[in-house]
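What follows is the residue order along each chain.
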Amino acid sequence: MSSNQVTDDSLEPGQIEFYSACYPPVQSGNYRLVVDQTLKNIKGEKTDPAFNRNQELVLSSPRFTLDASTVQMVYPPANAEGNFLQTLPNIVLTRRTLPWERAIDPVNIGNQSSAEIDASQDHMPWLTLLTLYEAELNGLKPKQMTVAELLNPSDSSVLPPNLGNTVTDEEKKTLCLTIDVDISLFESIAPKAEELGYLNHVREVNTDGKEVLGIDEQGWYSVSVGNRMSKPGSKNSVYLISLEGHKSHLPEGGGDLSGYSKIRFAMLASWSFIAEQTPGDFIGLLQALPDRGGIELMQMPNRTQQSGDVPAKVNEILKIGYTTLDFQLRDGEQSNAWYRGPMVAAPTQRETSISYSTSDQAIRYDQISGLFDLSYAAAWQIGRLLGLSDATFAKQYFDWRIASYTQMDAASESLVVAKHLGSTVPLDASLEPRQSIDKGAAQFLSKSMVNVAADIPTVSSKQKATKSSALPGVLSDKEIDQQIASGRPTVLALKPNVTDLTE
Amino acid sequence: MKSWLPRNTEFSDKQKATTTALAQQSLAANEKPMPKYVVNWLSQLRLLYGVPFEYLVCDEKYLPVESIRFFYIDRNWSDALIDGALSIGTTSRDQLFKNSNVQGISDTLDGLENSVRSSLRGLDQSSGSNSELVCGFLLRSSVVSGYPGMEVRGYADKEGTKLLDILRLERLSPDILLCLFAGKPADVALQQPPEGLHFGVRKDETDNSYYVYLRHISGDDVGMQILPAERASAEFRDGTEGVLNVSKTAQNIATRLNVEKLPSSAFAIQMIRASGLQQFTTGVPPKNNQDNSHD
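Protein sequences appear in the order of chains A and B.
So the first sequence is numbered by the numbering used here: it starts at 33 and just counts up by one.
So the second sequence is numbered by the numbering used here: it starts at 9 and just counts up by one.
Okay, chain A solo, but in the shape it has when bound (with noise of 0.2 Å):
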């Protein structure tokens, strides 16, 4: 858990390891390296020469803009419109160290050495998340505008970050957005200085390509989480700020704030998203239901207090889960009757094959109660018209019903066929009826036809010749050349040449 002390164990797929705060090794800010050295016992040199150099170093990470990359995800997301009850909304920054690698105060850690300014910052975050509902924005909008500007706003009820001297000249000049908030707001919904270090923490995630917890970023973040709750039904605005020379102009902080209505602050990312008003807690809720409906088995709430005269009986009833429901007999008197729908709070014995002419045949009469019980009726009464409501079922269900009829009849034709053949034809059981009188018959023709055989009389083909000569108009081939070679007309060769047919 110390930011100090990593340990070298990998983490395994799927694991989240989380850090109090990673702190770089120095902070950013404005160095001066100076560099000492006496050269001792030179000959011929009565003093020993010093040299020395002072070396001007700038230590440079984000201060007063954010590059996009570094927001590795905002939850809720942005845009976002969903159930993000009593949510604090949180940044993932891609650096480690960011939210420690400035100072908070820097003007007061003036010319202290590395390790001193460790020892007294406490490493204080110098980023927060500010929440603001819809309501509070009141205009509230990210200008852009030069350090400069930010530094030394032309209005002066504007309180400015107090960066003292250690913003350089170049820095002045470059662009940045800032937000000016109400300063009363601010100093009711900004964290007070020693909840800052809760609010930031450094995770190190191993998804191993998958997944987990909606987290897909693999390695070392740094992680701020807001202090204020979303607001349900309202669009919510959240700004990550740097809090870099505002230190005490936080919560409880010390500084003097009067005279200023508003205050200035460098603006890294920012993003919005909508809670949708919701009925409330998912575990809150549930855990209220006994409070409230309650969690029972399905059955009438308890009747004591009015069934003094009741019969322990009739109490059992009500227990498993019948009531009374007003009951219009057919002949107009009124009534009430027992009714229980399919969901009951003691289990039931089922009997098998319940089939019914009519609902009225599923009522059922209570000698103890006198009243009719009309569950099945109903049900009965129901599954009928939802059957009679859907046209598709109801055909099918009939032309299914009518394709089995026409089936049974062949079959009950074959058992009545079969019966009267049963003496005379040799039946197979084992099969079908249909089946068995179509074997049995064949057999029975094959049986009785054998013994008539040798009655029937043979049959022998008679072999009659035709002269293809004697049919009529058909000419040999020798005729046919005779007939042309003579050059009579081919007319009359083809006049009949009737001969007789028996030789």
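Hint data in this document are derived by calculation from the structure and do not stem from the laboratory.
A couple of the hints might just be wrong.
[Stated by the list, open to error] No farther apart than 30 Å at their CA atoms in a straight line, the calculated lysine-lysine pairs in the DSSO-like style are these:
#1 Lys351(A) to Lys69(B)
#2 Lys345(A) to Lys192(B)
#3 Lys106(B) to Lys451(A)
#4 Lys351(A) to Lys192(B)
#5 Lys192(B) to Lys471(A)
#6 Lys345(A) to Lys69(B)
[What the hints assert, rightly or not] Just a sample of chain A residues kept apart from chain B, beta carbon distances all over 10 Å, derived:
#7 Arg64
#8 Gly76
#9 Glu328
Note that the structure is a prediction, hence the values are computed from the model and not measured.
We treat Cβ as the ideally placed atom computed from N, Cα and C, and that holds for glycine.
Using the hints provided, position chain B relative to the given structure of chain A.
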């Protein structure tokens, strides 16, 4: 038409034969199986699809606002329902047909009970075995409308190892959820639709206070919720809407966890709000049940 047999003999023979044929007829042996649409329709009807709500719950007192009611399904009721549907347009012969078929149809539907939900969801038929006992619950709560993707699991044992098949899970109205299990659940868990890892607090709807569930910050279970559930109250800054009093909340948590000062990593772990899970266990008074909720 003249016949070589006395007509009344033939008629009585035929009638007997028909009866025998009908008696022999069962759905399985029938060469003409029931059309698929009819089978599907009936198996859905058996799970009370399409039955008007007034028939299921005839009085509001059965299911008041913000309540959950567990029940057994009365098979006789649903059998009567099916029988009613099968008796449309019946003459005496159809009646006979129905009487001889109703058991076969009932058996077929018993076998199909388990696949109704999976086929409606476009999945392969579930392989689960059908159960004689069908139980379920009706939940009437604004949770139903507020958390549409709510997950339901029912277990046959209190240890939560034998998962029961869900035969039907459906919203009957915006705030009424019907769930039917193939079997008797000893433990029912309702889970909030999963969300990403995020931070937040929980609200006690009975007294409008806020709290967080405590998680282990050391040991093997680090990050897991401490069970049975323990809460630390979340404090808010006076006079402003929704601003968490971070220091005080962290102090509350530290006190409950018996640590002097909570590091911010541990604070982050405590503030994680995962999707909620609420269990209802049979035999345990519902009030005691509350603490079984997980984060």
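Going through the hints against the structure:
no., hint, result
1, Lys351(A) to Lys69(B), "13 Å, holds"
2, Lys345(A) to Lys192(B), "27 Å, holds"
3, Lys106(B) to Lys451(A), "27 Å, holds"
4, Lys351(A) to Lys192(B), "19 Å, holds"
5, Lys192(B) to Lys471(A), "55 Å, violated"
6, Lys345(A) to Lys69(B), "21 Å, holds"
7, Arg64, "32 Å, holds"
8, Gly76, "62 Å, holds"
9, Glu328, "6 Å, violated"
Figure legend: structure checked against the earlier numbered hints; hints not met, in rising order: 5, 9.
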